[in-house]
Each structure stands twice: as structure tokens, then as C-alpha cells.
Amino acid sequence: DTEVTQTPKHLVMGMTNKKSLKCEQHMGHRAMYWYKQKAKKPPELMFVYSYEKLSINESVPSRFSPECPNSSLLNLHLHALQPEDSALYLCASSAGQGHYGYTFGSGTRLTVV
Amino acid sequence: DAKTTQPTSMDCAEGRAANLPCNHSTISGNEYVYWYRQIHSQGPQYIIHGLKNNETNEMASLIITEDRKSSTLILPHATLRDTAVYYCIVRGNYGGSQGNLIFGKGTKLSVKP
Chain H
1 DTEVTQTPKH
11 LVMGMTNKKS
21 LKCEQHMGHR
31 AMYWYKQKAK
41 KPPELMFVYS
51 YEKLSINESV
61 PSRFSPECPN
71 SSLLNLHLHA
81 LQPEDSALYL
91 CASSAGQGHY
101 GYTFGSGTRL
111 TVV
Chain L
1 DAKTTQPTSM
11 DCAEGRAANL
21 PCNHSTISGN
31 EYVYWYRQIH
41 SQGPQYIIHG
51 LKNNETNEMA
61 SLIITEDRKS
71 STLILPHATL
81 RDTAVYYCIV
91 RGNYGGSQGN
101 LIFGKGTKLS
111 VKP
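Chains H and L, in that order, are what the protein sequence lines are.
Each residue of the first sequence is one higher than the last, beginning at 1 in the numbering used here.
Each residue of the second sequence is one higher than the last, beginning at 1 in the numbering used here.
Chain L extracted, bound-state conformation (with noise of 0.2 Å):
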């Protein structure tokens, strides 16, 4: 069972943040959470996780409530190139499958001109 919950869709602006939310309001103490895009006809590629704290990288910056009961991933400046369906994935310890990428269905978000 998936343990988070997004909206189906979002539209962004290019050239504009994209803010995609998630929440996770059963998230225990160990969870992570983590975020994956699949772009169309490719694998899912890792964009970023965090347990608490505030993490940002590269592609994106997570921010986590402080009850940790939802998150919400930020595209800092959106290209045409970052449609793709996003997935928010509560993550346990290793160990049996909540240790393991177990996929929601995700948030479908267009990017346009």
C-alpha cells in the first residue's frame, strides 16, 4: 500500500518553480522521504530524499514539514525538459519490502511555454 498521497496532475510555467506536494501523514520515525521522476518511455531517475531536515541538490530542494506528515519537492527554475511523472515514496529501514522503492501513482506534471 502506498503510504503518500498527490494530486494527479500539475501544470508549471516554464521558467517558473514548480512546487509538487506530497502528503505522508502515517510516516513513522524511520521513514524517509524520497523523490523519483519518470520521464516518458524511460526509467524513473532519483531526484532527491530527506528523513527531517531540509535537503536541496543539484535538480531540486525538498522541504519537509516538522511533523513530517508532508513534503513538497521544488523545481527551482522549470524547463520543458522536467515533464514527467513525479513520486513521492515513504521509505523504511531495509528489510523486507518497506526497506524498497515501493511506487505511488505519482503526480503528472506538464511543463509549458
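This is chain H alone, in the form it adopts within the complex (with noise of 0.2 Å):
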């Protein structure tokens, strides 16, 4: 297995609401990534966890809440988001924080109205 699964692909939220983004891999990968990118721009850095402890924080809202339960599994925690949290976010894996190219997966496209 060389993928990185995110779910849902699509997710519609109200800003009332508190919801989850999943992300798994099965490839023995010890540092996981969530990145967020709002439309015609580049992939911004939120949340890094090497070896399932969170490592870097990109100084993210905290309206969003990184999990990381064991070393396949990312999740992150959304809770009374505003409409200009709407994005695709995506998750990364990588072999470790060292020279090794991330895996992306496809990503969660989340509209918050």
C-alpha cells in the first residue's frame, strides 16, 4: 500500500458544528503532515507530528485540533469554523522528518457555511 486515504473527500459544515477529517497510511511512515490550500494558491503547512508527537504548529487557529492516535492514523478536529476555513486540506506522510519526498493524499474539499 503506497497511499495516503483521507475521508471524507467532501464535507459541508455549518459553523455551529464540530466534525473530523481522517487520514491514514500503511506505509510504516513516522511523520505525518496536515496542509491547507484555499483555491489558485499554494499548500500552506498547519501541523506536523513526527513519530505521532506534534511538532510543529503553523500557529493554526486553535478551532483546529490535530490528532495523531497511533502512527497510520491523523485526524484533525474542527469545531466552530468560519466560512474562510473552507478548503481542500491535505494530509502527508514521509518515511521520517529527514530528505524523504512526501506522499499526499488526494485531500478533503470542506465548505463551512
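All clues stand as given, with none of them false.
One side of the interface only, derived from the structure: several residues of chain H facing chain L at Cβ under 7 Å:
| no. | residue |
| --- | --- |
| 1 | P43 |
| 2 | L45 |
| 3 | L90 |
| 4 | G101 |
| 5 | Y102 |
| 6 | F104 |
| 7 | S106 |
| 8 | G107 |
Listed next, with one range per pair, are the computed distances between beta-carbon atoms:
| no. | chain 1 | residue 1 | chain 2 | residue 2 | range |
| --- | --- | --- | --- | --- | --- |
| 9 | H | A39 | L | R16 | 24 to 32 Å |
| 10 | L | A13 | H | P8 | 33 to 41 Å |
| 11 | L | Q42 | H | M27 | 13 to 21 Å |
| 12 | L | G15 | H | E84 | 39 to 47 Å |
It is worth saying that the hints were derived from the structure and are not from the lab.
Built from N, CA and C at the ideal position, the CB exists for glycine as well.
From these two lone chains plus the hints, build me the complex, please.
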């Protein structure tokens, strides 16, 4: 298995809802990442997990809460989002935080209404 | 801050070589050059990376100038499926944000029949 699987592919949520995005990989990768991508913009790094521990939080608002329950899973919990948070959320993994290529999932397209 | 400069867009005829330039004049000695591409509505895809020697794999070749201030990604026989945004990324050693993939604006490559 050489893929990063993200679910759901599409999500519409209200500003008072709580939802979660899920990311899974079975490549034995020990680093996992969340990126946010607005339309016609490059991906922006949000969080980095290394060996299941949060190592980087790029000043992301607390309404986004990451979780890494085990080495294969990465979640992004969403609460009280704003319409401007609508974006494509991408998950990626790599063998470690050294010079390895990242494998990206296809993303979750989030719309906040 | 992105450390690279790329043309906003380029066209290439199908079957011809696509040569995508990237300037990274402030690159440090321990920083690598990475190339990723993103086909519409998909996650970014790793292409190739290098430090100072030229590199080749099944997808592309990476030519880095001797002073390492610029590089060129070469797709030897472009196909319509190579139409994508191509990102040139300078990445340092792990530890801190600069050790991760930070995307710039990229080059939109359009391969035309």
C-alpha cells in the first residue's frame, strides 16, 4: 500500500458543527502532516507530527485540533469554523523528517456555511 | 517565505521536452532542491530532489547549476497528463519549519496537442 487515504472527500458543515477529517497510511511512515490549500493558492503547512508527537504548529487557530492516535492515523478535529476556513485540506506522510519524499492524499474539500 | 522564483506559467507541445526553471539564489549549503507537481483537484506528487549533483528518475531529470543558485526540471517527453502546477521547493534539514515542505507559487505548465 503506497497511498495516503483521506476521508471524507467532501464535507459541508455549519459554523456551529463539530466534525473530523481522517487520514490513514500503511507505509510505515513516522511523520505526518496537515496542509490547507485555498483556491488557486499553494498548500500551506498547518501541523507536523513526528513519531506520533506534535512537533510543529504553524500558528493555527485553536478551532483546528490535530490528533495522532497511532502511527498510521492522523485526525483533524474541526469546531466553530468560519466560512473563510473553506479549503482543500491535504494530509501527507513521509518516512521521517529527514530528506524523504512526502506522499500526499487527495484531500478533503471542506465548505463551511 | 518562499526561497524560490519560478515563472507563473509555461506552455509545452506534446511530445517535446518541458524545461521548467527555478531560481534559488539564497540557497544554503545543506539545503536540497525538491520538485513536486499538483494536477488539478489532486494532492501534490513528489517528482525528484537533489543537493548538488544532477539527478534522474523515471519521471524527470533535475539539473542543478554548479553554484546551486538555479535548477531546471526536465520532463523529457511531455504528455497531456503532465499539465499541472509544478513547485520548486528549497528544503533544509529537519527541525523547525524550514525542514518541511513550504510551497511557493509554482509554475502552471500547460501541455498542448
